[in-house]
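Hey, can you work out the whole structure from these sequences and the hints?
Protein chains in written order, with my numbering: chain L, 1 to 500; chain F, 1001 to 1503.
Any given hint might turn out to be false.
One side only, chain L facing chain F, incomplete, derived with CB under 10 Å [claimed, not checked]:
#1 Trp75
#2 Val76
#3 Gly78
#4 Asp80
#5 Trp111
#6 Val143
#7 Phe148
#8 Val151
#9 Leu180
#10 Leu181
#11 Val184
#12 Leu185
#13 Val192
#14 Ala196
It should be emphasised that the hints constitute simulated quantities derived from the structure, not laboratory data. Even for Gly, the Cβ is constructed at its ideal location relative to N, Cα and C.
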Amino acid sequence: MSVGQVLLVAVLAVPALGAVAVAAVPHDRAARLTGVVAAALTLLATVPLVGGDHGWFGYGPRPAVQPWHQLDLPWVPGLDLRFHLGVDGISWPLVVLTALLTLLCCGYTLWRVPDGGSGRALVALLLVVEVGILGTFLALDLVLFFVFFEVVLLPMYAIIAGWGGEDRRRAARKFVLYTLLGSVLLLVGVYVVVAAAGTADLVTLTGGAGLSRGTQLAAFALLALAFAVKSPLWPLHSWLPDAHTQAPTVGSVILAGVLLKMGTYGLIRVAVGVAPEGARWAAPVLGVLAVAAILVGSLVCLAQDELKRLIAYSSVGHMGFVLLGVATLTATGIEAALIGNIAHGVITGLLFFLAGAVKDRTHTGSLAELSGLRETAPRLAGLLGFAAVASLGLPGLAGFWGEAFAVVAAVRRGGGFWVTLAVLAALGGALTAAYFLRLLRQVTHGRPSPAVGRLAPGLAGAELTAWAPLVLLALAVGLAPALVLGYATGPVDALVGVLK
Amino acid sequence: MGRGGGVSLVQSVDNVALLPAYLAAGTAVVVLLADLLVARAAATVAVAAVGAVATAVGAAVVGAGGERRTFCVGGDCSWLFNGRAALVAAVFALLTLGVLALSGPLLRAGRTPVGEYCFLLACAMTGGVVLGAAGDLITLIVALETLTLPLYVLVGLRRGSLASAEAAVTFFVVSVVATTLTLLGAALLYAVTGGLHLDRLGATLAERPELLDLPLTTVAVALVVLGLAFKVAAVPFHAWAPATYDGAPLPVAAYLSTASKLGGVVALLAVVQRALPATVTGPVLALLAVLTMTVGNLVALRQRRTVRLLAWSSVAQAGYILAPLGALALAAGRTADARAGAYAAAVAYAIFFVVLELAAFAAVVALRPADADGGTLDDLRGAARRHPWVGGAFALALIGLAGLPPGLAGLFAKVTVVRSLLDGHAGWLALVVAVNAVLGLAYYLRLAAGLWAAPDAAARPAGADRPAGARPATSVGLALAVATLVAVVVGFAPQLLLDLVAR
Chain L
1 MSVGQVLLVA
11 VLAVPALGAV
21 AVAAVPHDRA
31 ARLTGVVAAA
41 LTLLATVPLV
51 GGDHGWFGYG
61 PRPAVQPWHQ
71 LDLPWVPGLD
81 LRFHLGVDGI
91 SWPLVVLTAL
101 LTLLCCGYTL
111 WRVPDGGSGR
121 ALVALLLVVE
131 VGILGTFLAL
141 DLVLFFVFFE
151 VVLLPMYAII
161 AGWGGEDRRR
171 AARKFVLYTL
181 LGSVLLLVGV
191 YVVVAAAGTA
201 DLVTLTGGAG
211 LSRGTQLAAF
221 ALLALAFAVK
231 SPLWPLHSWL
241 PDAHTQAPTV
251 GSVILAGVLL
261 KMGTYGLIRV
271 AVGVAPEGAR
281 WAAPVLGVLA
291 VAAILVGSLV
301 CLAQDELKRL
311 IAYSSVGHMG
321 FVLLGVATLT
331 ATGIEAALIG
341 NIAHGVITGL
351 LFFLAGAVKD
361 RTHTGSLAEL
371 SGLRETAPRL
381 AGLLGFAAVA
391 SLGLPGLAGF
401 WGEAFAVVAA
411 VRRGGGFWVT
421 LAVLAALGGA
431 LTAAYFLRLL
441 RQVTHGRPSP
451 AVGRLAPGLA
461 GAELTAWAPL
471 VLLALAVGLA
481 PALVLGYATG
491 PVDALVGVLK
Chain F
1001 MGRGGGVSLV
1011 QSVDNVALLP
1021 AYLAAGTAVV
1031 VLLADLLVAR
1041 AAATVAVAAV
1051 GAVATAVGAA
1061 VVGAGGERRT
1071 FCVGGDCSWL
1081 FNGRAALVAA
1091 VFALLTLGVL
1101 ALSGPLLRAG
1111 RTPVGEYCFL
1121 LACAMTGGVV
1131 LGAAGDLITL
1141 IVALETLTLP
1151 LYVLVGLRRG
1161 SLASAEAAVT
1171 FFVVSVVATT
1181 LTLLGAALLY
1191 AVTGGLHLDR
1201 LGATLAERPE
1211 LLDLPLTTVA
1221 VALVVLGLAF
1231 KVAAVPFHAW
1241 APATYDGAPL
1251 PVAAYLSTAS
1261 KLGGVVALLA
1271 VVQRALPATV
1281 TGPVLALLAV
1291 LTMTVGNLVA
1301 LRQRRTVRLL
1311 AWSSVAQAGY
1321 ILAPLGALAL
1331 AAGRTADARA
1341 GAYAAAVAYA
1351 IFFVVLELAA
1361 FAAVVALRPA
1371 DADGGTLDDL
1381 RGAARRHPWV
1391 GGAFALALIG
1401 LAGLPPGLAG
1411 LFAKVTVVRS
1421 LLDGHAGWLA
1431 LVVAVNAVLG
1441 LAYYLRLAAG
1451 LWAAPDAAAR
1461 PAGADRPAGA
1471 RPATSVGLAL
1481 AVATLVAVVV
1491 GFAPQLLLDL
1501 VAR
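Here it is, written out as structure tokens:
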């Protein structure tokens, strides 16, 4: 086994073994510490994956997916399932983001365990969720992709149902049933492809692999529906606000930060890659839905009066920009989608951490009962302001690139239809600014409300430790988008190449 | 074998092929003798357990040696012991062993006669062993009755329980009607084709397609399939199952929903695969599968009693088992490859299912007081907080039945079914299966999540489950552990099972 293969296995094995170790350690705090160590080791294992054969040189026909490292072992030949992992420029940033956010969440849990259950069970579940998400990003076998896609469901359900807010059971059930519906459509879509192509290997399948037009349309419809539920794409988003509002802080961070990305990543890598003809056929529909998501999400946010719910709905709008980028099926659009994914993960992760901190301190999330945060807790208010401004897409911060270039890609696609979509999306961007500024005016400005008046100004060290990397990343990605896109250009060009 | 190809009056019988059946029947006899002569409960149970193990081993050994036939007339044999027959026989024997282990607390409570109980279980096992190897319709029906007949008595064995007696009567009446239908169908088939051997029937109907145009043939095929659908508890012939399961003692309910259901599946597969024309059975089975899984899941959503919930869910599971056969409804599903895949998928799903179902019932037995029935869902509230290991195993089994990780066995079972359906181009049926999986999760999850719910002292009657600290009986714990272990192993290495059923 090469170093890269060892790393690939380690990225999945370390959190899995970590979860077992956490469950086995009897003492609660020691167990949580074990979990943090496992999460840290996972992050350490993901970073060096970037080294390796980047292979975008040379001549002649090449497969559209060229992993830097890959590991291909048989698992269940009877079901066409191979344990085939690999990493490239499209998946690597997401892999690192997942490992980072899980580490931050585990670290945060070291300091504060939400009510509802033991801290070590929560950390163990976070690590299992991490295994599922990382596996989804690393899988280069369709069936394996599906298996990892499903691994995430129940641990996330347990996190919401076990440590969530008052209405957690209903929200958790809605989350799990809704997203399971997506997963089972994925299962059918996967086997539509596998039955027609006779292989589940994503490297071979990317580019259509000689699938008939009918198969591609059926497969794309099923896969796109599955990923639209997960992303979530309006009008299939209704599980998301409830799940986010009720989930504990760490659950929301993982959910918004990386779990939704499984949908958009799957759309790019699996749906578009495997059924390009289907993607071309459905692109206008996807574009319209994406713009509808942007507009509906923004309008709903303007009318929201609950902090976490507002941030949750803002995700619907942001993921709309990502999907618009994908729908253009151009290199610019897909790169915008990739960086939009990362930026949303970083910024919304931060926003949910901050919203959690506000709710933990004031015991309310209602915007009507929050005002004047900057008077009593200036640092918290400042960070909230920073995150909100980053989220609304201020140039120089991470949120800008994804939204701006999704619009640019739609304009460049040309034709009245796409230009109209671009204009509407830009309008949605302006609405995004409007609701975030409204949020800031209500929460940070004005006279302190009774709930806010009692706050102590300080922030705990654990909080700062958890938030600082996200703040820095939001700045760094904003100033140097090449951090994310530097490695993605080659794979994206290859993908767009097979789309033509 | 008949000498020189002519029909001889003296048949040579291949006793090796019959060894598993001898072992199973012998177990029943020895149990009866042991009960009579030794008259100690432990000895009787031990004899039955050893007999079950011996049957499983015997089946495996004989099955490993390639196909063996006996009781042949010309080329048609009434007894075909091949790889699949060996698998079925071994699974029946092991299920019997598992149910015997679950019966420990029930038998120790003293209200159930041990000798009779073990004898009847061994008889049922004999029926199951013969069933897998049956080569003609009469052997098949007699084997199926041998499997079911002891269960009428076992269901009613809870002395002094009205529900138990009612359950036994319901089961008896419905089952007898079903058997009559199947027998009538077999008789009509004989009238049409002049044959009863499964392979001969299949060949005759394939050679003379004009027979298929006779209304009598259609009626005969329908009667055979519908009669067997009763045994599988497929909708609309399912109404007996929930009442019977709920009234029966828990281990017997476990046997009903695993071994008895497997028996129905094996019988149905045998006639559909070998005897009856797929053009006729395919659409019927597709319809049965859709109705069975949908109705089973929808009604299970509303259940408040644990065993009733498991019973309705097992109705739904029967739908998933039948689903691959529904692919035969389309011409694309009737190619040789697609057919072989569909039968293998149905058997594979059935075996994944019985393992998980046995684990679920073992957990219910372990969580409930000895000699109790399944109780309500509220009785199990918070049970996993008091018994983390048993609760964890129960949740794993339920999640597996729902078909989600970490219950990988159940996940791969569903994947096997969906794959075989799409290989047969029955995408619509795959979608129905998929949507039903979502419905299924709703109630499995309610039961599983309730295990960790904060105990609600007011809602929970005293003595609803075993007090904290009290350990379940060793035999029950062992059965639960083994079933869970098997589920985990086939979850990570499903190819083991897929290879076995493909033989």
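Verification of the hints:
no., hint, result
1, Trp75, "holds, 8 Å"
2, Val76, "holds, 5 Å"
3, Gly78, "holds, 4 Å"
4, Asp80, "holds, 8 Å"
5, Trp111, "violated, 25 Å"
6, Val143, "holds, 7 Å"
7, Phe148, "holds, 9 Å"
8, Val151, "holds, 4 Å"
9, Leu180, "holds, 5 Å"
10, Leu181, "holds, 5 Å"
11, Val184, "holds, 4 Å"
12, Leu185, "holds, 6 Å"
13, Val192, "holds, 6 Å"
14, Ala196, "holds, 9 Å"
In the structure shown, a violation is registered for the earlier hint numbered 5 alone.
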